[in-house]
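Starting from the structure of chain A, add chain B where the hints point.
Sequences listed follow chains A and B, in order. For the first sequence, the UniProt record's numbering begins at 1 and goes up steadily by one. For the second sequence, the UniProt record's numbering begins at 1 and goes up steadily by one.
A portion of the hints provided could be inaccurate.
Stated by the list, open to error - To give an idea of the chain B side of the interface with chain A (calculated C-beta under 8 Å), a few residues:
#: 1; residue: 67
#: 2; residue: 68
#: 3; residue: 93
#: 4; residue: 94
#: 5; residue: 96
#: 6; residue: 105
#: 7; residue: 128
#: 8; residue: 131
#: 9; residue: 133
#: 10; residue: 134
#: 11; residue: 160
#: 12; residue: 161
#: 13; residue: 169
#: 14; residue: 170
To be verified - Straight-line alpha carbon distances no greater than 30 Å define the calculated BS3-like cross-link-like pairs of lysine-lysine that follow:
#: 15; chain 1: A; residue 1: 340; chain 2: B; residue 2: 142
#: 16; chain 1: A; residue 1: 146; chain 2: A; residue 2: 35
#: 17; chain 1: B; residue 1: 142; chain 2: A; residue 2: 311
#: 18; chain 1: A; residue 1: 313; chain 2: B; residue 2: 142
#: 19; chain 1: B; residue 1: 119; chain 2: A; residue 2: 340
#: 20; chain 1: B; residue 1: 142; chain 2: A; residue 2: 147
#: 21; chain 1: B; residue 1: 141; chain 2: A; residue 2: 147
#: 22; chain 1: B; residue 1: 141; chain 2: A; residue 2: 340
#: 23; chain 1: A; residue 1: 104; chain 2: A; residue 2: 35
#: 24; chain 1: A; residue 1: 147; chain 2: A; residue 2: 340
#: 25; chain 1: B; residue 1: 29; chain 2: A; residue 2: 340
#: 26; chain 1: A; residue 1: 311; chain 2: B; residue 2: 184
#: 27; chain 1: A; residue 1: 359; chain 2: A; residue 2: 35
Treat the hints as calculated values from the structure; they're not laboratory data. Ideal Cβ positions, reconstructed from N, Cα and C, are used throughout, including at glycine.
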Amino acid sequence: MSEKETSPTILQFAPLNSSVDEGFWHSFSSLKLDKLGIDDSPIPITGFYGPCSHPQVSNHLTLLSESLPLDEQSSVASTSHGNRNKCPVPGILYNTNTLESFDKLDKQSLLKAEANKIWDDIQSGKALEDPAVLSRFLVISFADLKKWSFRYWFAFPALVLDPPASLVELKPASEYFSSEEAESVSAACNEWRNSDLTTDVPFFLVSVSSDSKASIRHLKDWEACQGDHHKLLFGFYDPCHLPNNPGWPLRNYLALIRARWSLETVWFFCYRESRGFADLNLSLVGQASVTLASGESAETVPNSVGWELNKGKRVPRSISLANSMDPTRLAVSAVDLNLKLMRWRALPSLDLNVLSSVKCLLLGAGTLGCQVARTLMGWGIRNITFVDYGKVAMSNPVRQSLYTFEDCVGGEFKAVAAVKSLKQIFPAMESSGVVMAIPMPGHPISSQEEDSVLADCKRLSELIESHDAVFLLTDTRESRWLPSLLCANANKIAINAALGFDSYMVMRHGAGPTSLSDDMQNLDMNKTNKQRLGCYFCNDVVAPQDSMTDRTLDQQCTVTRPGLAPIAGALAVELLVGVLQHPLGINAKGDNSSSSNGGNNDDSPLGILPHQIRSSVSQFSQITLLGQASNSCTACSETVISEYRERGNSFLLEAINHPTYLEDLTGLTELKKAANSFNLDWEDDDTDDEDVAVHM
Amino acid sequence: MNSGREVSDGRLTVEGFSVAARAFADKWKIHNQSFPPWSWVPLINRTLHLSNQQEEGYLSLEEILILSSLEESPEDESLNVATDCLEKEESVDHTILVQNQENEAHYYDFHIVYSSSYKVPVLYFRGYCSGGQPLSLDVIKKDLPSCSVSLLHESKWTFITQEHPYLNRPWFKLHPCGTEDWIKLLSQSSISTGCQMPVDLYLVSWFSVVGQVVGLRIPLEMLN
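Only chain A is shown next, with the shape it has when bound in the complex:
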């Protein structure tokens, strides 16, 4: 019950603080991008505040998305908070186009200009009609719409009284009023607050008659209030919660009272609420003593202050909203969310990190390459490199899902167009394209070409080394030889997909023969090559040859039923993901559909991990096969790999130029001689080179 009856002190006001809702920046960014462009003329805006509603926290002057001038309909009705806590207050926004011009703004004159407006409204009487103009405010800002960060600074112009007002006394309203009066004042305030007509009028008169009846009146009724009251107080919505200080709006209020009514003693009422009702314990009543201005000084605009401090410092505030506004980041988080949901709902043991970090090399950017790339993206794989030497042809876009008509017309290289397409689908892709032909055995080269072919071999080798998984998606058999060898040499995961007219084959190559893995589990695998799974060439008795020259046109262009490439490409990716999720990775043994587990097991949450999948769409049938690595394989046998390691380029040149070299090296020549000597009839199921797989 302490009364501050001691000698008057200078009246100290609690500063008003700003709060900018995220929605304001979203709306402002749209406005800037869609309408304003580089126009930096000042924008009239509306701020909102209300009386304090919590004993420990002050209210703020808030900017919301509806603070900006509207001319389009939004899809949601402006959030009907009810106007009680959103008293509109006029303000102005100066947004600059560069940080330099933000720093160079003449803050003092901007503040003065707004203070002048308040002074003019006081002098003209507008402040009595629409008292909210007493709380007029100013914001300067710089919106960086590339980084989605916003720098801003509020000013709440306050006219400085000279000499300053002094505080005679200040106490809770419940102590100032008698209990009868208090009840009546509360009721009158609640009524004022509950009526749509008055709830957003933040300055008012409280008139208490001698029989303790209180009524709330508009400021413009001041004259009419004279004489018939016992107490007359100047009430205002006080955002501040402090028990010993009134809030900022009182400053301009006192300036108004002094200028219009020349009062030296002002009884003021800081109206505060809790839980939506008037709270007279939290609210304050005080008596201020004001020195009247005389003569000239009564007419001149007082000085003004009011730049908001930032944690006590005179610097602007800033906020970064990249996470909620940068479209690329939003796309990334949406895609990640999708994968997390899959893990959370269906596959709790799914390792998403391995998927987002794996680097995939796609040899071939045609029907298979495009489908593989799209399915990889679906799994959250972000790092894809294309190797293809061709250009997008007119017949391609309908079957090769990354290309459009524009790509053909422009004569784009597939490797380049594919990269562009991936980025358009998902901006966060890390993708690159290499325009290069893959050297092939059985296609002899002249001595002038040797250097460039060897350079290509080296390039291919480096690409394979720098990626984690390689997809063999080219359109000939022989073009898969070198990549198979290099993958076996580097022990990289190789997934092979090949198409016939109405059939396809998808397989994963086994580990390399001299894999340097120091994983104890693999030791007995490496002892005998038979434990390794085979590669594409393991079951061949002929080395890869030229399958292209001297063929008719339809045999040279791989014509396949269109449904096959999407199916095979998708299966290839699912197979890769299975390998990546398997604890043994490339060394995982091959399952068949008839495997004992026949379904999910602990090792492989995704199900079985076959070695080969073959299908014929004419039968709509699909089978899984298992093949072991062959000691006589022209691509992955130990013989060949060690020869490559020892002789390098000369080995490659021989293999490229002399098709029988590989057969001799691996002993296939001998094998064939031995077989022929038995004079058996070999029945070839089909003559299509793509599908030659003679079992030994």
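Using the frame of chain A, we list chain B on its own:
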């Protein structure tokens, strides 16, 4: 499924949601006065919806205040500015109260939105501090009662960030799958009409579970 008085399969129609929402907001206002009331935000210009005349909208409860200690407040972007940006003209004004740093206030907004694909209500929420800066999920989790964080782990609910369906900004939401199932459980044990749950109790029952996760409890009287 009738859009009438009762729900038997754990799901709600759009009309049912409007009815349940109003009933929920009314009961909350009466029984839960320690909190501000929920308000109904109608949606306009919904070009997608059919001919039915029902007003669509969502429930909104905003600016729920949680005080936290100062360490929680997010850092401002590094301001490479001089320590004093104002010219010396603005002299020190003794009438301005110098304020100490108080506790950081965190504000939370909650929206109960109808999901037409799951046919259940979904709770969306976001947090921000007094200057308006959004709070990250880590900070929000610190504001939650500790029991709700463990509840989240156990029941496999997750806060996920998704586009708010009407405000076009990322908000957090509690994933709605499974809602249908546990509402069915609740309606089976509801006393009044056997296995049926009256529509106007739907949101109250739903919120009695969901609200706990975000630290909003409802008094038992609301369930009557």
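Going through the hints against the structure:
no.	hint	verdict
1	67	7 Å, holds
2	68	12 Å, violated
3	93	5 Å, holds
4	94	6 Å, holds
5	96	6 Å, holds
6	105	5 Å, holds
7	128	7 Å, holds
8	131	6 Å, holds
9	133	5 Å, holds
10	134	6 Å, holds
11	160	6 Å, holds
12	161	6 Å, holds
13	169	6 Å, holds
14	170	5 Å, holds
15	A:340 - B:142	23 Å, holds
16	A:146 - A:35	17 Å, holds
17	B:142 - A:311	23 Å, holds
18	A:313 - B:142	28 Å, holds
19	B:119 - A:340	23 Å, holds
20	B:142 - A:147	28 Å, holds
21	B:141 - A:147	27 Å, holds
22	B:141 - A:340	19 Å, holds
23	A:104 - A:35	25 Å, holds
24	A:147 - A:340	27 Å, holds
25	B:29 - A:340	38 Å, violated
26	A:311 - B:184	51 Å, violated
27	A:359 - A:35	42 Å, violated
Hint violations for this structure: numbers 2, 25, 26 and 27, all remaining hints satisfied.
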